[in-house]
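Novice: Sequence:
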Amino acid sequence: MQLARQLCVFALAAFVSLSSILGLARANPMLLVDMDTLEVLYADDAGLPWHPASLTKLMTAYVTFEEIAKGTVTLDTPVVLSRHAINQAPSKSGLPVDSAMTMKDALYVMLVKSANDVAMAIAETVGGSEAGFVVKMNDAAARMGLTATHFANPNGLDDPEQRMSARDLAVLALYIRQTYPQYDPIFSTQAVQLGGKVLESENKLLTSFAGTTGMKTGFVCASGLNMVATVERNGRRLLAVVLGASSGRDRNERAAELVLRGFAGSATDTGQSVLGLVNSPDVAPANMRAQICGKEAAVYVKAQEAAFPMGMKGQPSYLNDVIAANSYQATNLGRVRAGIVLPRPRPPHTATFPVAVAEDVGVTADLRLGLPADNSVPFPRTRPNFTN
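If you're matching positions, the sequence shown starts at 703 in the numbering used here and goes up one per residue.
The set of hints was computed from the structure by calculation and includes no laboratory data.
Label-pair ranges, simulated between beta-carbon atoms:
no. : residue 1 : residue 2 : range
1   : D841      : V1038     : 23 to 31 Å
2   : S975      : G773      : 27 to 35 Å
3   : A912      : T774      : 32 to 40 Å
All of these numbers come straight from a predicted model, not from anything done at the bench.
No residue lacks a Cβ here, since even glycine has one placed at the ideal position from N, Cα and C.
Could you build the full structure based on these sequences and the hints that come with them?
Specialist: As structure tokens, this is what we get:
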């Protein structure tokens, strides 16, 4: 009798403990969109401002693509790592100050490795300064109608003023895919070789989830772990946004689950277009620092694991495919001496990344309305499925 009573007390205590842990778990912003119809298949707090972390680099890339299309820079333009760029916090390229690479190689290193130093160097090259480039970023955001978005830097390092919503991230990703599909291979690349080092992407879906075509991951303590993922299967293209995950496992598995629900039909059209989702621009972004990097982290992560154990040891996983990694060879052009013009050792890359045709050049479009200058072609422009 005494043993039975002790077991009951133990079971009740365990139940209370588990309930307490689960009570700390939270559902962070998530969004699933059909890339061809713009239909929202699933949305949870998709208009809530969030710290984007390195998802910021999607806008850094877009602005650079736009300037390449205008002709102000080219894929062969040298990108030099200034002292300011080198002083950015990790993740970094590992190159010393005054090192240079072509714009094409810099884009690969920035988007695959998520190198903060290279993102800053690209910004300084394209915008003349970090501040000048940030003006271009916010201008593009305004033209796209990203009303919950504001940029303070080009790499996504922690800044209380840096914010985007899941809705805005999805719209930005759609503009990149539709306006500049020639750059799709960058987003599907898993590793860059540079100076004897292999710089790997944190997007594990690229090598473990069939049909993944990109795009970007991000992390700072204030945001948790973020992801924009694009996947194509059987001619259908879906885009998932996951913000504030507690671990890489959590982020990757949740994104995969969203996509699988979309392909299976269990996440169906909500009757909304992603362009019609309402943002909450006056709400301050959540600050996850205490739960991700602070004193609450151990308990919070345990709660998230209990609420969503997919991919943990002994648990099933959505990431079971084995896919050969795409890699890219970048070249360190060496350190630059003042007054010396850098050589351009390789032929132009236009065969790989053709310049966008006139109707695709984002700078000519009223992106806020989704119309080109002559209002002749509405957003989205219908295109065939692009494969890498």
